[in-house]
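Keeping the supplied structure of chain H fixed, place chain B upon it in accordance with the hints.
One line per chain: the protein sequences are H and B, in this order. The numbering used here numbers the first residue of the first sequence as 1 and each following residue consecutively. The numbering used here numbers the first residue of the second sequence as 270 and each following residue consecutively.
No wet-lab data here; the hints were simulated from the structure. Treat the hints with caution; some may be incorrect.
What the hints assert, rightly or not - List of simulated lysine to any residue pairs, SDA-like, C-alpha gap at most 25 Å:
| hint | chain 1 | residue 1 | chain 2 | residue 2 |
| --- | --- | --- | --- | --- |
| 1 | B | 439 | H | 254 |
| 2 | B | 383 | B | 304 |
| 3 | H | 2 | B | 381 |
| 4 | B | 383 | B | 306 |
| 5 | B | 439 | H | 231 |
| 6 | B | 370 | B | 567 |
| 7 | B | 439 | B | 458 |
| 8 | H | 185 | H | 243 |
| 9 | B | 581 | H | 8 |
| 10 | B | 549 | H | 119 |
| 11 | B | 439 | H | 235 |
| 12 | B | 523 | H | 246 |
| 13 | B | 439 | H | 236 |
| 14 | B | 383 | B | 523 |
| 15 | B | 383 | B | 581 |
| 16 | B | 523 | H | 259 |
| 17 | B | 523 | B | 501 |
| 18 | H | 2 | B | 582 |
| 19 | H | 2 | B | 377 |
| 20 | B | 370 | H | 4 |
| 21 | B | 581 | B | 295 |
| 22 | B | 549 | B | 439 |
| 23 | B | 439 | B | 425 |
| 24 | B | 523 | H | 14 |
| 25 | B | 549 | H | 149 |
| 26 | B | 549 | H | 88 |
| 27 | B | 549 | H | 95 |
| 28 | B | 581 | H | 254 |
| 29 | H | 2 | H | 20 |
| 30 | B | 581 | H | 3 |
| 31 | B | 581 | H | 106 |
| 32 | B | 549 | H | 3 |
| 33 | B | 370 | B | 403 |
| 34 | B | 549 | H | 23 |
| 35 | H | 185 | H | 254 |
| 36 | H | 2 | B | 439 |
| 37 | B | 370 | B | 497 |
| 38 | B | 523 | H | 12 |
Here is how the chains run, residue by residue.
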Amino acid sequence: MKARHWALIVLLLLGIVKIPVERAASRTLRDHQVLQPPPNLSLRDNLGQLSFAAALGGLRSLVASITYLQGFTAHEHNDWASVDRLMTITTLLQPRYAAYWDSAAAFMSYDAAHYYRYNRERPFILRDQLYQQHIERGQAILQEGLRHLPNSARLHEQLGYVFARRMQTGDRPQPGDTWLPPDHKRAGEEFLKARQCGALPAIERQAAYQFALLDNDPEAWRTGYEILMRTYRTGFRPEGMLLAIKTFEEKLGIPAAQRIPEGPRLPAR
Amino acid sequence: MTHPTADSQPAGSSRPFDVPYRRFSPARIGTIAGSTVTQLLRMRIVVFLVLFCVLVVAVGFSFPVLDPEQQLKMLKDVSFGALQIYALIMAVVATSLLLPKDVEDRTLYTILAKPVPRHEYLLGKLLGVLAVIAGGLVIMDVVLSFVLWQKQHSVLADNEAALMLQFSGKIPAGLLEQANANLIAQGLTWYLHLAVWAIFLKAAVLASLTLLISCFASSTLFTVISGFGVAILGHAEGLLRDYFFSGGAGTFDKSLSALLAVAIPDLGIFDAVDAVVSGKALALSEMATMTGIAALYVTGYVVVSHLVFVEKEL
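With the rest of the complex left out, here is chain H (with noise of 0.2 Å):
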């Protein structure tokens, strides 16, 4: 036998040898997220075939980049369309970093959405759908970056965030308004889960603040009091939290003689 037919016979062998080697070792890579999911076919009609093949020839995070830049200076240019289109392409590049979901979803959720609301330009039920859609887009993002990041602070505070800030303190909704309120109690849970992720203390109180203003939910409000109280009895007590404390003890008719002595007086109600 000639040494090109042994060449052959090996060449087989590695392949044959390298293809279960190969796809344990990737599966074991991608378990522990060294290596991101293969890129998603349709992102081929939206990347172009160029960049395309950049990102399948290891220079993902370059298109990545590339990407949120072309989204950043659409943003300057409030073309909130090519925004999140080159943002979804952004986050679809490279779903484990959550600095680009955080940003795809503020973009949505504050930006365009505060964009369409006060742009008197548009009529004023156009304005409304519109600063309602880009809300639900930016808790879309969110929810979509928790999916692929579950244990991330930074996306369960800004999704904090957004259900508690989704129509601006002092607004209050009108007969025919469709605009969406805010939902303290998702607010609350979010800032509790960034808090078990490792986000600062003060995210815990956020979480306290939000479950203060809900109407009816005795396991929330002893949930929050509980926050609050731990933060008082450490001697670190802000205004707000003082205010906050007496609204619980208010609500769950805490004894007098368990009741904080400082703190602003509650209007009468």
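Coordinates of chain B only, in the frame set by chain H:
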């Protein structure tokens, strides 16, 4: 083939062959590798390294409108992109040029006329290419690390100054640490060097496969095109393999994907750069897996290259 030994030397002559002949000599391989490095350095690859340094410094001071975390990530993305392009081009083009250039210069005949086995010649050539790739990557890694370190310190100082201003000199406990944590994760970490090692492993696999192609290719152009083709297909090999193992594909599609999966290495396994640039820490066991797979490929392709080259009529 008979090799000259001390016994075959005429009496009274100087005795250059006193050292017994060895079938495998690291010293001979080292000499060939050294001459290959010189040969490649004469191709002005240093220009690319200078351009890289300029690029890194330029990107380090660009995009001031982005938030600090994105500035650091952008610097890493562009730099690692340049590192990957350098390694890919060197692995394919430099390796493709080696054998034809030696044939053209008649160096190959001079070397093989001496008692140098062909496998040593191939190993020497491959090690020479790998040494040049590794040297370039080390230089670029040092430059990137320095610029990134400088940028990180500047960004951290700006961040602290901004928080001091915002909170009138009394930053709440833990806030600065948390704000800095994201920046530090995007700054200089030792995992970045592991990502450079992963790039080198990918280049080593590609260079050994290109060497194999050049052993039977009739032209340099064919080798270069095939090398880049393998590089592109190698990154999509995971998709081909999954397609092969999926139940829905037809016989022809499955056969084709199986053939490609057998013939082409999965270069996507070495793509640790994305994770590292996003701030993911790499474990040594993960790097050991990559290194082991790269060693398997390189050994296999070198053996096949030898089997092809040993019968090649020169």
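Please flag the earlier hints that this structure goes against, numbers listed from lowest up. The structure conflicts with hints 1, 7, 10, 12, 14, 16, 22, 28, 29, 31, 32 and 36, although it agrees with all the remaining ones.
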